[in-house]
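Required output: the full structure, derived from the provided sequences and hints.
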Amino acid sequence: MNAPDRKAALQGMGDSRLRKEDARFIQGKGNYVDDIKLPGMLHMDIVRSPLAHARIKKINKEKALAIPGVIAVLTADDLKPLKLHWMPTLAGDVAAVLADEKVHFQMQEVAVVIAEDRYIAADGVEAVEVEYEELPVVIDPIKALEKDAPVLREDLAGKTEGAHGKRYHHNHIFTWDAGDKEATDAAFKNAPVTVSEKLLYPRVHPCPLETCGTVASFDPIRGELTTYITSQAPHIVRTVVSMLSGIPESKVRIVSPDIGGGFGNKVGIYPGYVCAIVSSIVLGRPVKWIEDRIENLSSTAFARDYHMTGELAATAEGKILGLRAHVIADHGAFDACADPTKFPAGLFHICSGSYDILAAHCTVEGVYTNKAPGGVAYRCSFRVTEAVYLIERMVDVLAQKLNMDKAEIRKKNFIRKEQFPYTSAFGFEYDSGDYDTALDKVLNAVDYKGLRAEQATKRADPNCPTLMGIGLVTFTEVVGAGPSKICDILGVGMFDSCEIRVHPTGSAIARMGTITQGQGHQTTYAQIIATELGIPSEVIQVEEGDTSTAPYGLGTYGSRSTPVAGAAIAMAARKIHAKAKKLAAHLLEVGENDLEWEIDRFKVKGNAEKFKTMTEIAWAAYNKPPAGMEPGLEAVHYYDPPNFTFPFGAYLCVVDIDKGTGETKIRRFYALDDCGTRINPMIIEGQIHGGLTEGFAVAMGQLLSFDAQGNIQGNSLMDYFLPTSVETPHWETDFTVTPSPHHPIGAKGVAESPHVGSIPTFTSAMVDAFAHLGVTHLEMPHTAFKIWKELKAHGLTH
Amino acid sequence: MSKKIISMNVNGKKVEEAVESRTLLVHFLREKMNLTGAHIGCETSHCGACTVDIDGESVKSCTCFAVQCEGSEVITVEGLAQGGVLHAVQEGFYKEHGLQCGFCTPGMLTRAYRFLHDNPNPTEEEIRVGMSGNLCRCTGYQNIVKAVQYAANKLREDAKNPVAA
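Order-wise, the sequence lines are chains S and V. Numbering (my numbering) for the first sequence: 4 to 801. Numbering (my numbering) for the second sequence: 655 to 819.
Careful, some of the hints might be misleading.
Said to hold, decoys possible - Quick look at which bits of chain S chain V covers, simulated, 3 or more residues with Cβ under 8 Å:
hint	stretch
1	17-24
2	206-215
3	466-475
4	731-737
As the list claims (entries may be wrong) - For lysine-lysine, the following DSSO-like pairs were computed, each having C-alpha atoms within a straight-line distance of at most 30 Å:
hint	chain 1	residue 1	chain 2	residue 2
5	V	Lys657	S	Lys40
6	S	Lys613	S	Lys578
7	V	Lys657	S	Lys668
To be verified - Not close to chain S: a few residues of chain V, all C-beta gaps over 10 Å, as computed:
hint	residue
8	Ala672
9	Gly725
10	Thr777
11	Gly787
12	Val799
It should be emphasised that the hints constitute simulated quantities derived from the structure, not laboratory data. We put the CB at the ideal spot given by N, CA and C, even for glycine.
Shown next, in the form of structure tokens:
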């Protein structure tokens, strides 16, 4: 085979290789948690609170226990002797495993029923009687901070110091700030122009199609616990389970099998998991718990609920001089955000975006309310979605105030290509970017001038049946958490890992600390190794998710797999490559300096006929290594990233709003992403389609709302908006490639960009449709009814 | 709870089992028949992950009792491939990257199988409407549409050329 054919045969980086994982999924042979069936397995179901805030007066288990097939009913009182009725959260708080004397949100876990099958367990749940005494409910985080607001967390009474500093109120969790307050105040004081806008990022839920669940199996003879679990971070689960249960980490095996979508919903450790594990330990039999959809939407990690105020200071010509952001963050009843320990508001301080802003300051105040805990989930690491929404909205607001074009004001304020690496006012060091090129490419592709001309014509025509809006966003993301000097979870640094073994006949296996939930790791990771080592992707097995076999890693969320684990793969492969070179030199009887690498082989420089392929080298590694060299061909690498990566993009959306009904048609959505080096373009495009669709859902319809009594409204798919193929727009994708200079293969990560970037683009378009009427902001979700009310307020409809 | 003997044909095989009247078809298939392809995503007939084919119609097996299927012909995703050869819809989803996490896929495939049987030459809009009872959280549907188009073309080609098929 000639060189190009050999290269193609590897299906390495850049190849739109079809997915290795598909064969099992298209034939119904996936292995999700609910597919696991163990001998003697029991089923667990959960008794949940109908009230959002109430004291538990009495729990009567008798009727439930009388049902044939019900094995046990556990409450907080049963967990107390084990000290497991409360558990630590990832954010330095504690959360009730089962409600201890008091419930803090509707659908909170109060008791569990373990039974012979899932139907009997459900019967048992119906039969458990709980007497409550209602308490006043706080749903609004701003009201929660009022002086005489009800005390939600009695367990924290008198604690003025939280995990993240001083608490100034009984419902206050933390106040965190970043940037330079004085410099920012000075910039605002002297600025010719300032703008301010209140922006609510409402509470939504990631709602992966598979709910959360577990099968816990404790072997009382061996003292070993095996737990199959829907987790995006199985190794951290193992560490936490070991800490909670006292079982040595070496006897705890956590397995994340196939996962039916995660989107951040499956990072946390939920009471259901803990109760199933405890039940299995107590009963000595495997226990399965599978959540239903209503439980999933009501009690597991929500996203957002950020009540933000954004302010910009600028010159009259639109050069931004300062940014100020203030947030009241509703964290629900327990602070259970899965942020790096030092960042209680995640990476919200990316909120200076793609713009060269010299002075910036942000403050985030975390607050308790009678809602479910959680807080960073939904295809976004660590509050980046909120940050991007804030800056992109505010740049639009400033443009409107100055009567400037949205594209023009962005170009005026972009960090220039030659400024990278660029240190932002908040201290992030942006690795690389070329924002002007990306924006120009989009503007040309859609004929931006033509669209603006069409809009002007339509605005001038009172008989035009639609309002046309053009949304534009130029976002910068921060992903790849993260450098362990600043990023840890429960004290464990946020590195990731890879172990590669090349077998004697030249095929290989690689194991990682991450876990795919649809991203296609089994396909793309193999491609990195194929390019690095010249072994065809087809014969590289990729395994993740089993803590007994995979090296320790922090898991998959926040687009960290490629930036962190992807780097670990390249580095592990390079260790093997270095050993292979020594073997090749030995086999060819030349010095290492006489060799050059070509696709899948080392060849002697200047003599194309003398070479050793990786397959030949692998055999030699097990068969006749040179004197003094260990046999075998394998390597492990734990990669601690030196920095985050900073993917970016330019998105444009055109909407047509029906003046009669308020219904919105997404005429066009053009998404240009730059995720650095592209490993598998087909998979990247698929991820972008999915992220855009989730963004569309958030912007146009999703909302977890509550009434004044704390009743969650819309917690089934009857009400919670998941777009079907009919509503979902057609997506146009594009790209530029600006590799990350600090990443071994230059890749930055892609999955969350389309979610983060598209949401403000939709709002930008919706507001733009009304901008000529003086509207500067519209709150999500942009449902037809809300838009119809807006039309009516402007006399555009009857 | 008392049980009732039911018999039905699942993927071409006659099965006879004792079930409680309240047993849902999806649990019967997954737990009794060990056919775990059909998944449960919502329990309210919205997501379609549990879609199977019953007597020539797409049915959401999470809201259908097993006893209602007495005497029925049931096809699940496990019954689509024949003689070790993938069905055109399976091939289409693979070739056009019509799946990511795979959880919705069995329902999508059984729905596409019936949809293309009923409408062998659909427009994109007809595909989008025809598949709208099945939710996907990963793909944004664009590649699912392409996958169904791929399968439609393949099925039409196969029909023209039955020997090769």
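Going down the list of hints, with the structure as the test:
| no. | hint | verdict |
| --- | --- | --- |
| 1 | 17-24 | holds (count 3) |
| 2 | 206-215 | holds (count 5) |
| 3 | 466-475 | violated (count 0) |
| 4 | 731-737 | holds (count 3) |
| 5 | V:Lys657 x S:Lys40 | holds (22 Å) |
| 6 | S:Lys613 x S:Lys578 | holds (23 Å) |
| 7 | V:Lys657 x S:Lys668 | violated (52 Å) |
| 8 | Ala672 | holds (14 Å) |
| 9 | Gly725 | holds (24 Å) |
| 10 | Thr777 | holds (13 Å) |
| 11 | Gly787 | violated (8 Å) |
| 12 | Val799 | violated (7 Å) |
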